[in-house]
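Got chain A sorted already, so can you dock chain B onto it with the hints?
There are 2 protein chains.
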Amino acid sequence: MSGQHTDSIDAAGNGLLHRRFFLKTGALAATALMTAQSSARDRPAWMNAPGKGMSAAGEPSQYEKHVKRLAASRPGTTGSGASRSPLEHLEGIITPSRLHFERHHSGIPEIDPGQHRLALFGEVARPLSFSAEDLCRYPLVSNIQFLECSGNSGAMIAPSPVENSCSILHGLVSGSEWSGVPLALLLDEAGIKASGKWIIASGADSARMSRSIPLSKIYDDAIIALYQNGERLRPGNGYPMRLFLPGWEGNASVKWLKTLQVTDQPAMTKDETSKYSDLGETGKAELFTFDMGVKSLITSPSPGLDLDRQGLYQISGIAWSGAGRIKKVEVSTDGGSSWADAHLDAQPLPKSLTRFRAAWRWQGGQSVLLSRATDEVGQVQPTRAQVMKGRAPGSFYHYNGIQAWQVQTDGKLRNVYV
Amino acid sequence: MSGQHTDSIDAAGNGLLHRRFFLKTGALAATALMTAQSSARDRPAWMNAPGKGMSAAGEPSQYEKHVKRLAASRPGTTGSGASRSPLEHLEGIITPSRLHFERHHSGIPEIDPGQHRLALFGEVARPLSFSAEDLCRYPLVSNIQFLECSGNSGAMIAPSPVENSCSILHGLVSGSEWSGVPLALLLDEAGIKASGKWIIASGADSARMSRSIPLSKIYDDAIIALYQNGERLRPGNGYPMRLFLPGWEGNASVKWLKTLQVTDQPAMTKDETSKYSDLGETGKAELFTFDMGVKSLITSPSPGLDLDRQGLYQISGIAWSGAGRIKKVEVSTDGGSSWADAHLDAQPLPKSLTRFRAAWRWQGGQSVLLSRATDEVGQVQPTRAQVMKGRAPGSFYHYNGIQAWQVQTDGKLRNVYV
Numbered sequence: 001m002s003g004q005h006t007d008s009i010d011a012a013g014n015g016l017l018h019r020r021f022f023l024k025t026g027a028l029a030a031t032a033l034m035t036a037q038s039s040a041r042d043r044p045a046w047m048n049a050p051g052k053g054m055s056a057a058g059e060p061s062q063y064e065k066h067v068k069r070l071a072a073s074r075p076g077t078t079g080s081g082a083s084r085s086p087l088e089h090l091e092g093i094i095t096p097s098r099l100h101f102e103r104h105h106s107g108i109p110e111i112d113p114g115q116h117r118l119a120l121f122g123e124v125a126r127p128l129s130f131s132a133e134d135l136c137r138y139p140l141v142s143n144i145q146f147l148e149c150s151g152n153s154g155a156m157i158a159p160s161p162v163e164n165s166c167s168i169l170h171g172l173v174s175g176s177e178w179s180g181v182p183l184a185l186l187l188d189e190a191g192i193k194a195s196g197k198w199i200i201a202s203g204a205d206s207a208r209m210s211r212s213i214p215l216s217k218i219y220d221d222a223i224i225a226l227y228q229n230g231e232r233l234r235p236g237n238g239y240p241m242r243l244f245l246p247g248w249e250g251n252a253s254v255k256w257l258k259t260l261q262v263t264d265q266p267a268m269t270k271d272e273t274s275k276y277s278d279l280g281e282t283g284k285a286e287l288f289t290f291d292m293g294v295k296s297l298i299t300s301p302s303p304g305l306d307l308d309r310q311g312l313y314q315i316s317g318i319a320w321s322g323a324g325r326i327k328k329v330e331v332s333t334d335g336g337s338s339w340a341d342a343h344l345d346a347q348p349l350p351k352s353l354t355r356f357r358a359a360w361r362w363q364g365g366q367s368v369l370l371s372r373a374t375d376e377v378g379q380v381q382p383t384r385a386q387v388m389k390g391r392a393p394g395s396f397y398h399y400n401g402i403q404a405w406q407v408q409t410d411g412k413l414r415n416v417y418v
Numbered sequence: 001m002s003g004q005h006t007d008s009i010d011a012a013g014n015g016l017l018h019r020r021f022f023l024k025t026g027a028l029a030a031t032a033l034m035t036a037q038s039s040a041r042d043r044p045a046w047m048n049a050p051g052k053g054m055s056a057a058g059e060p061s062q063y064e065k066h067v068k069r070l071a072a073s074r075p076g077t078t079g080s081g082a083s084r085s086p087l088e089h090l091e092g093i094i095t096p097s098r099l100h101f102e103r104h105h106s107g108i109p110e111i112d113p114g115q116h117r118l119a120l121f122g123e124v125a126r127p128l129s130f131s132a133e134d135l136c137r138y139p140l141v142s143n144i145q146f147l148e149c150s151g152n153s154g155a156m157i158a159p160s161p162v163e164n165s166c167s168i169l170h171g172l173v174s175g176s177e178w179s180g181v182p183l184a185l186l187l188d189e190a191g192i193k194a195s196g197k198w199i200i201a202s203g204a205d206s207a208r209m210s211r212s213i214p215l216s217k218i219y220d221d222a223i224i225a226l227y228q229n230g231e232r233l234r235p236g237n238g239y240p241m242r243l244f245l246p247g248w249e250g251n252a253s254v255k256w257l258k259t260l261q262v263t264d265q266p267a268m269t270k271d272e273t274s275k276y277s278d279l280g281e282t283g284k285a286e287l288f289t290f291d292m293g294v295k296s297l298i299t300s301p302s303p304g305l306d307l308d309r310q311g312l313y314q315i316s317g318i319a320w321s322g323a324g325r326i327k328k329v330e331v332s333t334d335g336g337s338s339w340a341d342a343h344l345d346a347q348p349l350p351k352s353l354t355r356f357r358a359a360w361r362w363q364g365g366q367s368v369l370l371s372r373a374t375d376e377v378g379q380v381q382p383t384r385a386q387v388m389k390g391r392a393p394g395s396f397y398h399y400n401g402i403q404a405w406q407v408q409t410d411g412k413l414r415n416v417y418v
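If you're matching them up, the sequences are chains A and B in order.
Under my numbering, residues 1 to 418 are what the first sequence spells out, in order.
Under my numbering, residues 1 to 418 are what the second sequence spells out, in order.
Just so you know, the hints here were simulated from the structure itself, not pulled from any lab data.
As the list makes no split between identical chains, a pair holds if one copy fits it or if it spans any two.
Under the rule of at most 30 Å between Cα atoms (straight-line distance), these lysine-lysine pairs were calculated in the BS3-like manner:
1) 68 with 52
2) 52 with 65
3) 52 with 275
4) 52 with 270
In this text the structure is predicted, and so the values were computed from the model without any measurement.
With the rest of the complex left out, here is chain A (with noise of 0.2 Å):
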């Protein structure tokens, strides 16, 4: 299954090129440049004037105003939706914090720092209290990790497929340096008594977004975060502390976290019995599924990107486990029938996204792409079929099946069910 591996140019059928044959192909994207010396003399518009001056803040380019994040709230609400992150437009393993997906219960609460405090109580010897200030005084940890929403992918079990684009199906995703405190000092401080062994943590939004935590996840490596790729936490993202469980679904990691309570068992909070509990066939619910599987996207090409020429193509796209590192990533341009390995950058981070690459000759017929993800404890990403077996009608939380990208005889990419 993991794809026949040859000496030669090709690493698997249908197109897919060994990295270190890629010059080999004959068939790159330059340009021939027939007039070297009149280039280095031109002089377009910008380059006769002075250009813009310095700024206290730097924006993006006016011709990249179509990367932004896609939003939507459910009718009659301004506040209860979702944004997603343009994944089909970024690179690398970075989501820059404006793009970062939201999913929001009751809307973004805008906090003053200086009048919200963190409460720590229930089964602890010692009731205390924070301002995002005192926990600054902690020594803090950073990690560069992945979030995502029970709910990401959650289109995936239509019963055909939807078109639509990479990010609107799968944009409840994304990847952040998270730097903060680690939540088991502020409880040693605390003191847990031995009765206590859940925590129950709850947020300053209008909904009160609560959910229930084992103390085992929170000395495992559960932080407060204060700060998100480098500046403090955006309002959207929980400004200005949130609960971030590394690997868990997203709704776990309160934010805009406003108590903790230790107690002796889970509360079985709104969040976690109405929602964001799986529903079997059998109309039992599983409650506290934690983990996000092993899981990889190709973001492109990927629809609305379409090949517009046939040729070399660069596949790119992320993959990531709750579980910790991804191992290997194979992709296949058939369907299925071969696979090769794609190449990762450096060395996978635990809990992270994970960029992965291959190279590949598009030669204009049509064919099917397809990631499959594995992590370091041995978890393989399942087929749709394999995620599909067991739920009832309509759930639709930790969706992480093989997603298949149809490229058609005219370039156009869509989603596919094999």
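Just chain B, lined up with the frame of chain A:
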């Protein structure tokens, strides 16, 4: 010199603490919570109505407006100057793109990517021309790396210490994830002739910034950068494409890259003779000192972030080296009498900012904070006296001396020489 290390709470003199004993110091930043129940019921104004709705791009909080770049142009110009990263307000190793430092010689050209081409010619078999879209068909690579202006920290050569903030003194360094095409791939496609030894890179700004780069660097790790922190470069950082030379002085990473001419010798452009060369005290100029030295800075506390009470503080800073990975950073709070190793996050990345942190208890006395970085090739950050030795008066490039912040008994910090 590298500090006495003991098993006590103290890691070195004057209050530097072992990280693992942090909690035992009994003087933490939290406040006792008196009213746990009321805290859970308390509803600040922003919890009583739905918050702001979804948006196409997230914005920073209105309470973080002080976190901005410090921009200054030469009198009589709008575009010749620099904007500096607000280092003392940032954490981790990623600088948000809007806050990345910029240094321009004639402002920021607003380039239409549809009209921009990169020409590669000179001592090559096949002169070539590339649009940004062409370049996206090649196999990209992504790396998190620093960029530093060779003039960064130049104010430190003043005979008396300049009273200013960390970002005014040292804000011409930033860290990003850079994604682009290895330039070696393009050179291989063009076919370098035996006579080709250097490459003259020149930009599409109205100053036509131009630098000569030896081919050895190009074949080592040079890229044509297209993306910064996940999105396309911003105009201030070279949109639609720039040269990026990891670990080398920033001006050599020519922005708005327009031509690459392969030559048998350097071109001695205005930007490498009248500027960006180091003048020795004998009056002889050293050309082509590209590598940025090993360096570190304590960003917090620093001038402007004054200490408001005795007790625990986190010392946080950044270290970097043009030669590779940071191996260790030592900190001192007693002006260098004793040192302790700072904590580094995870595995430092090569030619990247590395965040270091240490726990410190300020007991109200005078204190002098220092950091000293060592890189993987064994370079140790020099003292100011060592850096100044042999320089002509006014020669300010490539300053990487140890920075001293004096903490006064009133908690204010200032730049001092030790």
